[in-house]
Amino acid sequence: MKPTTPVMMFVAGALVCASMWWPSAHAAAPAGGTLKVCADPGYPPYSDRDGKGFENDIARFVAGKLGAKLDYVWGDTRGHGGFSEYLARNLDNGRCDVVIDMPYGNQEELTTNPYYVSSYVFVFKKNKGYDLQSLDSPELRTLKVGFESETPIETGLQLRGMVLKARSFDIGGRSGTSPRSVLQAVEDGTIDVMITWQPSIGAYLKDYPDLITVTVPNSRATGSPEMYSFPMSMAVRKDDQALKTRLDALIKAHTPQLQAILQRHGVEMAGAAASGDMNDTAGR
Amino acid sequence: MANESLMQMAKDPNQWVMPSGNYTAQRYSTLNQITTGNVKDLHVAWTMSTGSLRGHEGQPLVIGDMMYFESSFPNHVYALSLKDPGRMIWSFTPDQDKFAPTVACCDVVNRGVAYGDGMIFANALDGYLYALDAATGKVKWKAKNADPETGATQTMAPLVVKNKVITGVSGGKFGVQGYITADDINTGKQLWRAYSTGPDAQIMFNPGKTIDGATGKPVGKNSSLKSWQGDQWKLGGGTTWGWYTYDPKLNLLYYGTGNPGTWNPTQRPGDNKYSMSIIARNPDTGEAKWVFQMTPHDGWDYDGVNESILTDTVVGGKTVPTLTHFDCNGFAYVWDRRDGHLLAANKFDPDVNWASHIDLKTGRPVVNADKMTKAGVNVKDICPGSQGAKDQQPAAYDPASGLFLVPTNHVCMDYQAFNVKYKGGFPFVGALVSMYPYNHGDVGGRFIAFDAMTGQTKWVINDRFQDWGGALTTKGGVVFYGTLTGWLRAVDLKTGKVLWQFKTPSGIIGNPITYTYDGRQYVAVLSGVGGWAAIGLSNDLHKATEGLGAVGATATLGDYTNLGGTLMVFALN
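Chains as they are written, first to last, in my numbering: chain W, 21 to 304; chain E, -4 to 568.
None of these hints come from the bench; they were simulated from the model. Mixed in with the good hints there might be a few duds.
Stated by the list, open to error - The calculated lysine to any residue pairs, modelled on SDA-like cross-linking and capped at a C-alpha distance of 20 Å, are:
| hint | chain 1 | residue 1 | chain 2 | residue 2 |
| --- | --- | --- | --- | --- |
| 1 | E | 313 | E | 217 |
| 2 | E | 221 | W | 153 |
| 3 | W | 272 | E | 204 |
| 4 | E | 498 | E | 514 |
| 5 | E | 204 | E | 187 |
| 6 | W | 272 | E | 375 |
| 7 | W | 226 | W | 204 |
| 8 | W | 258 | E | 194 |
| 9 | W | 258 | W | 164 |
| 10 | W | 272 | E | 224 |
| 11 | E | 139 | E | 183 |
| 12 | W | 272 | E | 395 |
| 13 | E | 375 | E | 334 |
| 14 | W | 72 | W | 261 |
| 15 | E | 244 | E | 183 |
| 16 | W | 258 | E | 334 |
| 17 | E | 204 | E | 313 |
| 18 | W | 85 | W | 96 |
| 19 | W | 258 | E | 220 |
| 20 | W | 72 | W | 258 |
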């Protein structure tokens, strides 16, 4: 169990990022030219060299709509220095021009408007019938809990004094590990419930038909705002407003198709999914 | 017309016909059978289980010889006979969307039913407003005002104004675009809906007529849109789950809006109007007369939904119709309620430190730089915490002294601002680290007698935990309030001395009312602490064996109380 808090992890990452980043001036990907997509060659279900991940499908769709040739620039998103270093080495230094999957509002790069929203979920065996509706569900305290480290779930468990008893996984921090392994851990009974980001395991749920997922809702139960659902965007370099503009227009015109691609890969949209339009006004 | 007869009924102190007593939300009763002299003889007259263990905010209504109240989810509505104490004449439980509890953020509370035109109006958590025949409980109509599939729920008490039932909406997962709705009292048909953020037509602002109380000038075109970047106003929040009031002479409806949609301030540069605002609207048309934003570009999660109490205040020798609002952000705002002109904004908790004061000229907080939340930096000891110096628990007013009796929270926080990050495949955002009583001490709540114009506190009762229930003032000189540990207290309005108290079965987060039956005065309150308050505190006050923040705390709320759901009614011998 890592004793460091998320605060310390941020600072460490920032120092590494600052020393690696160097600015470059780049023209936006020209229409009809090449769309250079930054992707991980070995991180299904997100992306892989065989083009089978959902980011690969999204990239193909986007390149098609932009009338551009699709070119991949491969890099390990989970290597030394983590995602920040990956961005610095690949996107910021101009080797590639767009990252397909990035939380909206991230400050390291320039994010497009979001094209889907998803959330962290509980994953457990359906036949156990656990009553899990939020991190405050009393039954959660009786179970063997697994969680992805350095995520809002870790913080949520810390706030509730539950983290020391839970088992942490580091799929997002260790190259070569597969999100499938956390589902297997539930299947094996190593843990009773896994709490993780739905898109990381959505594609594998069909192989585990006895497992179900329950959304972890955003909460103010402890008084602290706890955010477990995230709008997701694409990202470009901070100075590449031109490409962002083109991608925003594409997202505005094609959100239902983009979401359909994700859904084919088992990604579960949260909330606005029913309307198919990220920008639909809630409450009407 | 419901309004005329309802207004007449609201003047009768023997009844309690509106959630806040009457349209002013003063929660003051002219009953004086119970006095400072005899309140020590108060005892339990009768009780009744509510059938629900979740948090019981809100209060019962008394209409004639009937009492009506609504429990927390699953939202049982009860009609009780006062003649045969506690006998249920009818009860009603809505058949609800099971999805609703999972999206309700802060325990599945309900803040009470409303009455008008022989009907009881009850909100269900899943967003349906029911109109029930007050005599039989039969459903006359229902209207859907919130959709849990989009993350919205409904917890507030409706308000009947003229021929309309006004409801708001509670926020949910991704930032609902908040609104209030007016439904026809006879049919449930939606008459108008006014949003809190967005284009002028949606927020029902008239660019040339709606006044910004801070400037005294019309708001101008698209004043909300201009304060947001891109399309984020669509997830703009500004939910409306608090208490509503109404001035029949000015024909203005008053309410407050909640925080901006996403908690992450970096996702929404700009002032984010009109989150965190008081809005005054014409209930006939829905058009806004004036608006005042209290916490622009909120970075601390201080909701603006608390009640707007209507009183007359002498200012500079003149009597001004005022609206007083004890905001989550720790400041007690006093406005001229005709036009939103700010008259005073004093701290009602001296330890509030996120802002030094409110600039009366601009209406804006003067923020302390060292308490500004910063991405990646853990800012410590920000007061109040994001539960607010006062949340929805309503204050009361004593006309004899001009003082407000205010249940408050005395809790601070260490806050790390949101900075959305990505760890290979996993989005992350920094969360608040912890909340704790001020100075990690023993006082988590203060019940105060406060002069809103001068900012002076006349007396204080210090409580271990937040004072999460509402207040009731009476002509008999007694103010009633309940503690989170379950004590219902009768306090001398003049001195703050506790004259009587009774330990109810569970913590009190509801609001006491008073009424008479058969010539005898009664005090009633709902006892039932629910999950939200208990969780927020149990984290904070656990011994520091694990978790973040809490250092050297001594006890948990769980040592003092438990979940529960009981209606308690008290009387003299």
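Hint-by-hint comparison with the structure:
1. E:313 <-> E:217: Distance ~36 Å between residue 313 (chain E) and residue 217 (chain E) Cα, so the pair is violated.
2. E:221 <-> W:153: violated (38 Å)
3. W:272 <-> E:204: violated (34 Å)
4. E:498 <-> E:514: violated (26 Å)
5. E:204 <-> E:187: holds (19 Å)
6. W:272 <-> E:375: violated (41 Å)
7. W:226 <-> W:204: With Cα atoms ~13 Å apart, residue 226 (chain W) and residue 204 (chain W) stay inside 20 Å; holds.
8. W:258 <-> E:194: Distance ~29 Å between residue 258 (chain W) and residue 194 (chain E) Cα, so the pair is violated.
9. W:258 <-> W:164: Measuring from Cα to Cα gives roughly 42 Å; hence the hint is violated.
10. W:272 <-> E:224: holds (16 Å)
11. E:139 <-> E:183: Holds - the C-alpha atoms of residue 183 (chain E) and residue 139 (chain E) are around 9 Å apart, at most 20 Å.
12. W:272 <-> E:395: violated (60 Å)
13. E:375 <-> E:334: violated (38 Å)
14. W:72 <-> W:261: Violated - the C-alpha atoms of residue 261 (chain W) and residue 72 (chain W) are around 29 Å apart, more than 20 Å.
15. E:244 <-> E:183: Distance of about 26 Å is beyond 20 Å: violated.
16. W:258 <-> E:334: At roughly 44 Å apart (the allowed maximum being 20 Å), residue 334 (chain E) and residue 258 (chain W) break the hint.
17. E:204 <-> E:313: violated (26 Å)
18. W:85 <-> W:96: Violated. Residue 85 (chain W) to residue 96 (chain W) sits at ~27 Å, over the 20 Å cutoff.
19. W:258 <-> E:220: violated (24 Å)
20. W:72 <-> W:258: violated (29 Å)
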